[in-house]
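Position chain B relative to chain A; hints supplied.
If you read the protein sequences in the order shown, they are chains A and B.
When the first sequence is numbered by numbering that gives the first Met the number 0, its final residue is 219 and no position is left out of the sequence of numbers.
When the second sequence is numbered by numbering that gives the first Met the number 0, its final residue is 219 and no position is left out of the sequence of numbers.
Watch out, some of these pointers could steer you wrong.
Capping the alpha-carbon separation at 20 Å, the derived lysine to aspartate or glutamate pairs in EDC-like fashion look like this [what the hints assert, rightly or not]:
no.	chain 1	residue 1	chain 2	residue 2
1	B	K144	A	D82
2	B	K144	A	E80
3	A	K144	A	D82
4	A	K144	B	E80
5	B	K136	B	E178
6	B	K144	A	E127
7	B	K197	B	E208
8	B	K144	B	E127
9	A	K144	B	E85
10	A	K144	A	E80
11	A	K144	B	D82
12	A	K144	B	E127
13	A	K197	A	E180
14	A	K136	A	E178
15	A	K197	A	E208
16	B	K136	B	E180
17	B	K144	B	E80
18	B	K136	B	E80
19	B	K136	B	E181
20	A	K136	A	E181
21	A	K136	A	E180
22	B	K144	A	E85
23	A	K197	A	E85
24	A	K136	A	E80
Think of the hints as simulated: they come from the structure by calculation, not from any bench.
Number of protein chains: 2
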Amino acid sequence: MSAGLILALPRGRILAEVMPLLRRAGIEPEPAFEDPDSRRLRFSTSEPLLELIRVRSFDVATFVAFGAAELGIAGNDVLMEFDFSEIYAPLDLDIGHCRLMVAARAEAAEPEDPRRWSHVRVATKYPEATRRHFARKGVQAECIKLNGAIELAPRLGLCRHIVDLVDTGETLRANGLVEIEEIARVSARLIVNRPALKTRPEEIGCWIERFRRAVGAPRG
Amino acid sequence: MSAGLILALPRGRILAEVMPLLRRAGIEPEPAFEDPDSRRLRFSTSEPLLELIRVRSFDVATFVAFGAAELGIAGNDVLMEFDFSEIYAPLDLDIGHCRLMVAARAEAAEPEDPRRWSHVRVATKYPEATRRHFARKGVQAECIKLNGAIELAPRLGLCRHIVDLVDTGETLRANGLVEIEEIARVSARLIVNRPALKTRPEEIGCWIERFRRAVGAPRG
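The following block holds chain A by itself, in its conformation from the complex (with noise of 0.2 Å):
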């Protein structure tokens, strides 16, 4: 345990996104941070009382929702197949942003009308969110879990549909996949433990309000 606060980030493409903003947030990683090739986890930065570390998405959540990390970065898409109660996400960060999207094999013997669908199987990373959305609608979603790779699995009979992330369409376009609805609107928010929220106010609430002004500030 630190003293200080732990950030988790994202590992990953959308890292390009967040050094910027982490920046104009005042903060210096130190410089392997940057380093793709490093094996290392756990970095510090310019602030000598916050530390961060880099793990994959879905793990953010978890290190956040645990209080292992006290703050953290994360798509609203990880927070909807999470749902922890324990997770606070009070602002959005405007970067990140995609759309988590239905989509199914374009030669589709029918044109696709959810609302005629009592069952549909589908290929996601993302179970929980998929089925309470197809639930909403009356549909029972049977949800086959991949890790990626996800457009994939239409094409090799796995599954019609597929609930993935969509930036601009092309990976499934390349794929013979079609959008078919839309589920959420993807960003990165910052997030906060709750209970280390309620015992530490000053400190969190003072990096949401430097992310804050981040966000407003201009880019470039």
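What follows is chain B alone, placed relative to chain A:
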């Protein structure tokens, strides 16, 4: 769907051990397969009736279990976690050797005697295998599922124990963790979709035999 067969291979470091074995089995993937930057997921091979897909190790088992790939290569760690009845694992490929271990913080106050635990909180990629392992000893394991960076969890106070794959033990030591107990010796297996083996016994039986000879052949 393909008239041929699909072999699902795991992404990542294990591929360095898989490739020589593939070649000894007479399979030469198209060049793009070995390009780590390629975003393609499906590849042809020197065998007109065999295609490859490259997916995450857990997803290899899912694709094979649902018959989206007839063949796959997966560690018995993955097979233990899923326990899919549709997967038949006829052949140990003698690569990807490591161990599925319980580990804990080195500075644990008391000497660790697993027989004394009644409840344990464990961070792991393998919640099902972990629960079953501890249940066999009468211990209730509360598992926190993480997708990576498991070794960070004890240091950050998430838990005292982890269950993770261990190769040399260097990552454990670097994070102040010690090995407590071995759950299983792990190696990669050739896996087969059982219904496909029943409907296409000759084609699939031929591949099992080719891999069997490749495992026995001199290396290098």
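Check your understanding: Straight-line Cα separation of K144(A) and D82(A) no greater than 20 Å?
Key -> holds, 17 Å
**Study point:** Proposed proximity, E85(A) with K197(A) (alpha carbon, max 20 Å)
**Key:** Judged against 20 Å, a Cα distance of about 11 Å means the pair holds.
Point to revise | Holds or violated: K197(A) to E208(A), with C-alpha atoms at most 20 Å apart | key: holds, 16 Å
Check your understanding: Does the structure keep K136(B) and E181(B) at a Cα separation of 20 Å or less?
Key -> holds, 13 Å
Exercise for review: For the pair we were handed, K136(B) and E80(B), check the Cα-Cα distance against 20 Å.
Suggested key: holds, 18 Å
Point to revise | Pair hint outcome, K136(A) versus E178(A) [Cα-Cα no greater than 20 Å] | key: holds, 18 Å
Exercise for review: Quickly compare the C-alpha distance for K136(A) and E180(A) to 20 Å and report which way the hint goes.
Suggested key: OK: K136(A) and E180(A) at ~12 Å, within 20 Å.
Review point. Quick one, are K144(B) and E127(B) close enough, alpha carbons at most 20 Å?
Key: holds, 10 Å
Review point. Is the straight-line distance between the alpha-carbon of K197(B) and that of E208(B) 20 Å or less?
Key: holds, 16 Å
Check your understanding: Between K144(A) and E85(B), is the straight-line Cα distance small enough, at 20 Å or below?
Key -> Holds. K144(A) to E85(B) sits at ~16 Å (cutoff 20 Å).
Review point. Does E80(B) lie within 20 Å of K144(B) when you go C-alpha to C-alpha?
Key: Holds, at about 12 Å.
Point to revise | Hint consistency between K136(B) and E180(B) [alpha-carbon to alpha-carbon, up to 20 Å] | key: This hinted pair holds, its Cα atoms lying about 12 Å apart.
Violation of the numbered hints given earlier is confined to hint 13; every other hint is satisfied by the structure.
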